[in-house]
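Protein chains in written order, with the UniProt record's numbering: chain R, 1 to 540; chain P, 1 to 540.
Everything labelled a hint here was simulated from the structure, so no lab data went into it. Just to be clear, a hint being listed does not mean it is correct.
Since the list can't tell identical chains apart, any single copy or any two copies may satisfy a pair.
What the hints assert, rightly or not - For lysine-lysine, the following DSSO-like pairs were computed, each having C-alpha atoms within a straight-line distance of at most 27 Å: (1) 39 / 532; (2) 147 / 135; (3) 135 / 39; (4) 236 / 201; (5) 116 / 82; (6) 147 / 39; (7) 196 / 118; (8) 236 / 313; (9) 236 / 224; (10) 380 / 39; (11) 380 / 313; (12) 118 / 201; (13) 454 / 532; (14) 427 / 82; (15) 196 / 135; (16) 427 / 380; (17) 427 / 201; (18) 135 / 224; (19) 313 / 39; (20) 201 / 147.
Number of protein chains: 2
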Amino acid sequence: MHWSPDDQEGVVIAINGQFPGPTIRARAGDTLHLHLTNKLHTEGVVIHWHGIRQIGTPWADGTASISQCAINPGEAFVYRFKVDRAGTYFYHGHYGMQRSAGLYGSLIVDVGEGEKEKFEYDGELSILLSDWWHKGSREQEVDLSSKPMRWIGEPQTLLINGRGQFNCSLAAHFSNSTVAPCKLSGNEQYAPYILKVHPNKTYRLRIASSTALASLNLAIGNHKMRVVEADGNYVKPFTADNIDVYSGDSYSVLFRTDQSPSHNYWLSATVRGREPHTPPALAILNYLPTSPSHLPTSPPPTSPRWDDYPSSKAFSHQILSLPGSPTPPKTPHRRLILLNTQTYINGYTKWSINNISLTLPTTPYLGSIKYNITNAFDAKSPPDRAPPGYNVMRPAPNPNSTYGSGVYVLEFNSTVDVVLQNANALKDNVSEIHPWHLHGHDFWVVGYGEGEFKEGDAAGFNLRDPPYRNTAVIFPYGWTAVRFVADNPGVWAFHCHIEPHLHLGMGVVFAEGVERVRGIPNEAIACGLTGKMLMRNGTR
Amino acid sequence: MHWSPDDQEGVVIAINGQFPGPTIRARAGDTLHLHLTNKLHTEGVVIHWHGIRQIGTPWADGTASISQCAINPGEAFVYRFKVDRAGTYFYHGHYGMQRSAGLYGSLIVDVGEGEKEKFEYDGELSILLSDWWHKGSREQEVDLSSKPMRWIGEPQTLLINGRGQFNCSLAAHFSNSTVAPCKLSGNEQYAPYILKVHPNKTYRLRIASSTALASLNLAIGNHKMRVVEADGNYVKPFTADNIDVYSGDSYSVLFRTDQSPSHNYWLSATVRGREPHTPPALAILNYLPTSPSHLPTSPPPTSPRWDDYPSSKAFSHQILSLPGSPTPPKTPHRRLILLNTQTYINGYTKWSINNISLTLPTTPYLGSIKYNITNAFDAKSPPDRAPPGYNVMRPAPNPNSTYGSGVYVLEFNSTVDVVLQNANALKDNVSEIHPWHLHGHDFWVVGYGEGEFKEGDAAGFNLRDPPYRNTAVIFPYGWTAVRFVADNPGVWAFHCHIEPHLHLGMGVVFAEGVERVRGIPNEAIACGLTGKMLMRNGTR
Chain R
1 MHWSPDDQEG VVIAINGQFP GPTIRARAGD TLHLHLTNKL HTEGVVIHWH GIRQIGTPWA
61 DGTASISQCA INPGEAFVYR FKVDRAGTYF YHGHYGMQRS AGLYGSLIVD VGEGEKEKFE
121 YDGELSILLS DWWHKGSREQ EVDLSSKPMR WIGEPQTLLI NGRGQFNCSL AAHFSNSTVA
181 PCKLSGNEQY APYILKVHPN KTYRLRIASS TALASLNLAI GNHKMRVVEA DGNYVKPFTA
241 DNIDVYSGDS YSVLFRTDQS PSHNYWLSAT VRGREPHTPP ALAILNYLPT SPSHLPTSPP
301 PTSPRWDDYP SSKAFSHQIL SLPGSPTPPK TPHRRLILLN TQTYINGYTK WSINNISLTL
361 PTTPYLGSIK YNITNAFDAK SPPDRAPPGY NVMRPAPNPN STYGSGVYVL EFNSTVDVVL
421 QNANALKDNV SEIHPWHLHG HDFWVVGYGE GEFKEGDAAG FNLRDPPYRN TAVIFPYGWT
481 AVRFVADNPG VWAFHCHIEP HLHLGMGVVF AEGVERVRGI PNEAIACGLT GKMLMRNGTR
Chain P
1 MHWSPDDQEG VVIAINGQFP GPTIRARAGD TLHLHLTNKL HTEGVVIHWH GIRQIGTPWA
61 DGTASISQCA INPGEAFVYR FKVDRAGTYF YHGHYGMQRS AGLYGSLIVD VGEGEKEKFE
121 YDGELSILLS DWWHKGSREQ EVDLSSKPMR WIGEPQTLLI NGRGQFNCSL AAHFSNSTVA
181 PCKLSGNEQY APYILKVHPN KTYRLRIASS TALASLNLAI GNHKMRVVEA DGNYVKPFTA
241 DNIDVYSGDS YSVLFRTDQS PSHNYWLSAT VRGREPHTPP ALAILNYLPT SPSHLPTSPP
301 PTSPRWDDYP SSKAFSHQIL SLPGSPTPPK TPHRRLILLN TQTYINGYTK WSINNISLTL
361 PTTPYLGSIK YNITNAFDAK SPPDRAPPGY NVMRPAPNPN STYGSGVYVL EFNSTVDVVL
421 QNANALKDNV SEIHPWHLHG HDFWVVGYGE GEFKEGDAAG FNLRDPPYRN TAVIFPYGWT
481 AVRFVADNPG VWAFHCHIEP HLHLGMGVVF AEGVERVRGI PNEAIACGLT GKMLMRNGTR
């Protein structure tokens, strides 16, 4: 539908007439029944429930070509799954570039009836961060798939709960910029989001990022934040002036409304890790009974410079699990080293992992693996590591890679280490941030390092209090190691959460215990070769 | 892919890297095997073979929701059908607004080996006409489906074989317009199409129109045309300075290259029936050995004024079948009177037929009717005529209509008359041209009239030499009567060929002899309720 995420009208994929989609709220232990009817004219659709592990329901993970067939126009699909753990989650499209088109919303799971969180607060607020382009996602797909590739560029606008400003600025009078001050009634679709608070209370602010590209830094003017949750898991609380939020991350922070109640304050999100061409997103922390139309009297909070990686690394390293949290098995059964490189295939720019650029098959893996359909995807698994001798600090001497749809088959219940190895991109002196997101599991982030990962580095892994998460970032020219237990029967994507990077092949697929999966609904796999099989054989 | 149909780059749906799609050429009696693989990222696709009757292969008609399920991304479908009759045809998308997005191409069927056409010529040329908007078709769909509706407006550019000019004009020096002359090397994607001819020869020019909206008038400067074929059928030859070509029409004309061979000449197409905001499309008739870069020295040919309906009607009335052509049965078994009105449904603007705005079901009719699936579409057939007393000359006192997916079930082998009754649209003093196209059949155009059709008008029907066609136009405030024999088992769309009008509900569905259909491929109906049936029952 038409919508104005910023002051320029565009078209969004909306849910029930809303952008972002409605917030889904449940209690831990609930089983959700989410009825999706696809009302798009010609496009299929799926929705991924980001951070929900889908234990026992791998067909409800909402990943086209992996867990299910896209739901065709006019068709319906019921996502039925248990939210087993309280936390801050979100949902989003996982087909083509539909997340960029605005298909996302918040999913919040409260503690079960009679349970208590491990921290206290008086009130709760929630924001979903995203980024927005004026060019439609279909054109973006064509741009990315062109030879030479046309990069989508930086977003025009950052959004907080779907709201941002492009041609005007709320904070124009604090800057020398030529952008005009916004003249807003407050009823505009792009009017800033207002977080209403009472003075002298402790608030829990839930934060999630569904950005297609932007890594963000979030700050609240004049207020410190205490980080207590990351990706649905408790963390050892620590205080920060500002926090980094990568695409795929979620956090809860506590803050105290201890400032003068006769003013309002900024909540701002700025771009990290890429030279920003996008102004900060601004929301208003509104101290009641002050009118929300009173703009803050001080300038928006300052964030670290976009390329202040030491500050980002310090923030990431500070995130540790709360004592009493699950700890990782002491030794892995298998270690994958996934080299992330920007490559070419026949002149098309791609992202590749161990020199393979992921191309998703037509038949969802979950069905083709469960039913032993052999020609649905590449039979050969991708390599466990890149050939030795690759210099991660320099552009590749031969940047050509190949397409692949093979999967890593993980032994059920085995412990797997994955070292995500960053490298120089195609251009000299460029290495980017990539937030990697794992479906169906949390992993422990056991280590970060600079340059090339060496076997000896594993000795330094943090096995005592590593954070338990579903998204972990790799920093430029560095590596990040995660450990998880392959205990969830299903087929699971593990990929860079930057949507255009995934579109260009930056992901891998894990399969584990698929033979144990029972009850895949026909409608989840009624396409491709599994569809043919079902038609041949009748009901299973 | 990126393409510049005019001098502004856009995105088109292309086939094998070509826009328009490749010309398909066959001989009468051939069976074509057309392998379609859908390489779009998230959209389904179908292709309709416009003018091919699909006798015995109704599942190959390429109409989403009617003859087949849309072919999903990554999937393939083979269109296998016989081209039983020589003629000038074309093909195009028939799902959402994919025709507007550029999914079309020419389909030419030559006479069978050893056969001869009923007219002679030395050489052949072919043009496919279309119209082009700078706004993408997805945005157009959203615009049309909004409340209030946002009309797509007139096209930015008219295209001849996919080529037009927007910011510049080939004929700038002949007009007072402020548009700059084009500076072209000839290699541009939007350089004009060149029709190369030798002097003193007779050429057959094949013409088809795949426009989304525009009715066109075509002329060749300094050359008269002799019309010999319409929609794959011979017509009584007649000579014209210019010809009207409505969306869905195809013609062959003969012309003699009897002009000075030291000049080139214009072929131009201008808008009919809507106040034009689009400059004429121009192609170059290039007399060899003159260089094609020598622009014609005289101004483009003049066309009738856009609202010169008497001239359009005179042209349509002139089209009669060649003696020896099939003639219609003398009396119909059933007469449908289809009142075309512009209406509202809950504030959404629609087009309706007998007060019902067609909404296509998720399950293709061909499958649901063949397999007696009762809840796939409205069980009730739409009415055979509108309630009496409707004043076609005035806006409706109550312009509300309802959605409907019912079909007209035609007795197999019966003769059916359809009177297409035009009316005033929502606004005072507006009544538009609508070219109606019938799938699966040709019809005889037995009469045209002004105002409201009266029973007595049938006495004046031309049953002697009515043209046999698949597309017929209704003029403002008038009616057009067609007769056909329901002798082709299948389910067939009959609709206004203006794509946004069809999108807004301007069509009906005919079903005949579906119980006789044998051999529907599973992959044509592997969606919706027929998909569920196939999975339940296994192969049929």
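How the hints compare with the structure:
1. 39 / 532: both (25 Å within a copy, 20 Å between copies)
2. 147 / 135: For residue 147 and residue 135, both the intra-copy (19 Å) and inter-copy (23 Å) Cα distances are at most 27 Å.
3. 135 / 39: both (22 Å within a copy, 21 Å between copies)
4. 236 / 201: within (22 Å within a copy, 89 Å between copies)
5. 116 / 82: within (19 Å within a copy, 71 Å between copies)
6. 147 / 39: Answer is between; shortest inter-copy Cα gap is 16 Å, intra-copy 33 Å.
7. 196 / 118: within (24 Å within a copy, 81 Å between copies)
8. 236 / 313: For residue 236 and residue 313, the Cα distance is within 27 Å only inside one copy (17 Å; across copies 82 Å).
9. 236 / 224: Within one copy only: 16 Å inside, 86 Å across.
10. 380 / 39: The answer is between: 24 Å across copies meets 27 Å, while 38 Å in one copy does not.
11. 380 / 313: Neither way: residue 380 and residue 313 sit 36 Å apart in one copy and 66 Å across, limit 27 Å.
12. 118 / 201: within (17 Å within a copy, 91 Å between copies)
13. 454 / 532: neither (47 Å within a copy, 53 Å between copies)
14. 427 / 82: neither (45 Å within a copy, 54 Å between copies)
15. 196 / 135: Cα proximity of residue 196 and residue 135: none, with 33 Å in one copy and 40 Å across.
16. 427 / 380: neither (31 Å within a copy, 64 Å between copies)
17. 427 / 201: For residue 427 and residue 201, the Cα distance exceeds 27 Å both inside one copy (50 Å) and across copies (59 Å).
18. 135 / 224: neither (36 Å within a copy, 46 Å between copies)
19. 313 / 39: For residue 313 and residue 39, neither the intra-copy (43 Å) nor the inter-copy (41 Å) Cα distance is at most 27 Å.
20. 201 / 147: neither (55 Å within a copy, 44 Å between copies)
Hint check: violations occur at hints 11, 13, 14, 15, 16, 17, 18, 19, 20; the rest are consistent with the structure.
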